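Asker: Sequence:
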Amino acid sequence: MNWTTITQEEELQAIYNATDTVAVLFKHSTRCPVSSMAKRSLEFDADQIPETLTFYYLDLIRYRPLSNKIAELWGVQHESPQIIVVKGNTSIYHASHSDIEMRDIIAAATS
Numbered sequence: 012m013n014w015t016t017i018t019q020e021e022e023l024q025a026i027y028n029a030t031d032t033v034a035v036l037f038k039h040s041t042r043c044p045v046s047s048m049a050k051r052s053l054e055f056d057a058d059q060i061p062e063t064l065t066f067y068y069l070d071l072i073r074y075r076p077l078s079n080k081i082a083e084l085w086g087v088q089h090e091s092p093q094i095i096v097v098k099g100n101t102s103i104y105h106a107s108h109s110d111i112e113m114r115d116i117i118a119a120a121t122s
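Those letters in the sequence shown? Residues 12 to 122, per this note's numbering, in order.
These are calculated hints, taken from the structure and not from any lab test. Note that the coordinates shown come from a computational prediction; the quantities given were computed from them, not determined experimentally. There's no promise every hint is true.
Said to hold, decoys possible - With a straight-line cut-off of 25 Å between C-alpha atoms, the simulated BS3-like cross-links for lysine-lysine are:
#, residue 1, residue 2
1, K98, K80
2, K50, K80
3, K98, K50
Construct all of the structure, not just a fragment, from the sequences and the given hints.
Answerer: Written out as structure tokens, the structure reads:
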């Protein structure tokens, strides 16, 4: 799976300002077994991802201020692990914990 790592606020702003682009944000806690399981599940199903869809990865332990910025920008309460599908400045889908399923992400991103 090709993760695009988020390490700076400017990267979030670029995603937020890309109003014609759908993106997937994965907030991952490197200390949480549930988060690790969700990440492995996504990676297992990576063959389902359309080529035009970018999956972003945020290590929220290392970059907690960026996790808070995601909640602020897209108006989605922080959870971990968490998937947020966005189109520019709009959150079009989000899920956390055991509700993170690739088929749901793809359906939201391509509808």
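Asker: All hints are to be evaluated individually against the structure, with a verdict given for each.
Answerer: Here is what the structure says about each hint:
no.: 1; hint: K98 to K80; verdict: holds, 16 Å
no.: 2; hint: K50 to K80; verdict: holds, 21 Å
no.: 3; hint: K98 to K50; verdict: holds, 22 Å
The earlier numbered hints are all upheld by this structure, with none contradicted.
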